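Undergrad: Each chain, written out:
There are 2 protein chains.
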Amino acid sequence: MTDQVQFSPTLRVWMDTFMHRSMRGWSHFAKSTGLSMPQFSILMQLHHKGPCGMSEVSERFDISAAAASQLVEKLVQGGYLERTEDPSDRRAKLLTLSAKGSELIQLGIEERYRWMDELASTLSADEQKKISEALVLLTNAAKEIENRKS
Amino acid sequence: MTDQVQFSPTLRVWMDTFMHRSMRGWSHFAKSTGLSMPQFSILMQLHHKGPCGMSEVSERFDISAAAASQLVEKLVQGGYLERTEDPSDRRAKLLTLSAKGSELIQLGIEERYRWMDELASTLSADEQKKISEALVLLTNAAKEIENRKS
DNA sequence: CTTTTTAGTTAAGTAGACTGAACTATATAC
DNA sequence: GTATATAGTTCAGTCTACTTAACTAAAAAG
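In the order they appear, the protein sequences are chains A and B.
Just so we're aligned, residue 1 is where the first sequence starts under our numbering, counting upward by one.
Just so we're aligned, residue 1 is where the second sequence starts under our numbering, counting upward by one.
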């Protein structure tokens, strides 16, 4: 009961700190690459969920098919994305991150990761262990919810 | 040593899951309010760091003073922000969230919070306790780094 | 085999974010 | 007290994202 009461505010405070930090980090990084946020988000999406078609892009970002097509076109021009014909349906396209695109996202992740290393450096081994265990629980819970919905 | 090795990958996996989820959540929410991402980000910033001047906005978002002025103008027009003269320096302005702006951000936070409640619901009281403790550690570590830098 | 859906592209036009430059007003330096 | 630096605004113009509408081509339905 007490734990239930305690849990949510803690999660909240932490989330506030963390999200703010990571959002700023990503948008700063996106800017430094010369890509716009929408363009960058598409690369992130592809990194996270793997290859997909045009229609999924427009659905996920809630933009028109035309907008998706135009954004993707720019990313293909820039060499971040590969757009091939889906062999099983010749109308459809298959979007995949190119090596360049993949490296870019990886670089961004590394950068965010560096901050976490800083975090780690201020903690004792025991504290780190506690946190590791907790995060495994949280990650699994998050994934379970994700799966439950789909 | 083992903990050190274990810690970072855990943090990383967790971060990947979480950040993706929360970024999408925020941008979706921002869109639903009718505000653009840059406009919304300014409100978030103000919520997070408290009142500030124009110059801080342009610095934090790495945009020109002109751009900041225009974005803020729109938010003031929309009633999300109050822009008053700084009594200690009559050139400067003081930006504060209005009640409307504050409520909007709060609503977004609540929405994200709901997801976390879902997370909590899949966890036992004992697990929640562990996670609470861990997140307090993490939050404090994050704040310490933040302070150390400024 | 025609009809209709579905996947995506192209084009024209709107709206927002952004920049540099010119400007006002206050504060600071000498 | 003049000169300069600082805080912010306004304006004109550029770039990007986005939308609707008209289009092509392939797939699915009848």
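Note that these hints are calculated values from the structure, not bench results.
Being a predicted model, the structure only gives us computed values, none of them experimental.
Hints may contain errors.
Identical copies carry no separate label here, and so any pair may be met within one copy or between two of them.
[Claimed, not checked] Using 30 Å as the maximum straight-line C-alpha spacing, the simulated BS3-like pairs for lysine-lysine come out as follows:
hint, residue 1, residue 2
1, Lys93, Lys130
2, Lys31, Lys130
3, Lys129, Lys31
4, Lys74, Lys129
5, Lys74, Lys130
6, Lys129, Lys143
7, Lys100, Lys49
8, Lys130, Lys100
9, Lys93, Lys129
10, Lys100, Lys129
11, Lys143, Lys93
12, Lys49, Lys74
13, Lys93, Lys49
14, Lys31, Lys93
Undergrad: Run every hint past the structure and note whether it holds.
TA: Status of the hints after comparison with the structure:
In this assembly of identical chains, the alpha carbons of Lys93 and Lys130 never lie at most 30 Å apart, being 45 Å within a copy and 45 Å across copies at closest. Neither within a single protomer nor between protomers do Lys31 and Lys130 lie at most 30 Å apart by alpha-carbon distance, with minima of 35 Å and 37 Å respectively. Neither within a single protomer nor between protomers do Lys129 and Lys31 lie at most 30 Å apart by alpha-carbon distance, with minima of 35 Å and 39 Å respectively. Within a single copy, Lys74 and Lys129 get their C-alpha atoms no closer than 44 Å, and across copies no closer than 47 Å, so neither meets the 30 Å cut-off.
In this assembly of identical chains, the alpha carbons of Lys74 and Lys130 never lie at most 30 Å apart, being 44 Å within a copy and 46 Å across copies at closest. In this assembly of identical chains, the alpha carbons of Lys129 and Lys143 lie at most 30 Å apart whether taken from the same copy (21 Å) or from different copies (20 Å). For a Cα distance limit of 30 Å, the shortest separation of Lys100 from Lys49 inside one copy, 17 Å, qualifies, whereas the shortest one across copies, 36 Å, does not. Neither within a single protomer nor between protomers do Lys130 and Lys100 lie at most 30 Å apart by alpha-carbon distance, with minima of 37 Å and 40 Å respectively.
Taking the shortest Cα distances, Lys93 and Lys129 never come within 30 Å of each other, neither inside one copy (44 Å) nor across copies (47 Å). In the homo-oligomer, the alpha carbons of Lys100 and Lys129 never lie at most 30 Å apart, since the shortest distance is 35 Å inside one protomer and 42 Å across protomers. Taking the shortest alpha-carbon separations for Lys143 and Lys93, only the intra-copy value of 28 Å comes in at or below 30 Å, while the best inter-copy value is 45 Å. In the homo-oligomer, the alpha carbons of Lys49 and Lys74 lie at most 30 Å apart inside one protomer (20 Å), although the nearest pairing across protomers, at 36 Å, exceeds that limit.
In this assembly of identical chains, the alpha carbons of Lys93 and Lys49 lie at most 30 Å apart only when taken from the same copy (16 Å versus 44 Å across copies). For the homomeric pair Lys31 and Lys93, the shortest alpha-carbon distances inside one copy (28 Å) and between copies (27 Å) are both at most 30 Å.
Violation of the numbered hints given earlier is confined to hints 1, 2, 3, 4, 5, 8, 9, 10; the remaining hints are satisfied by the structure.
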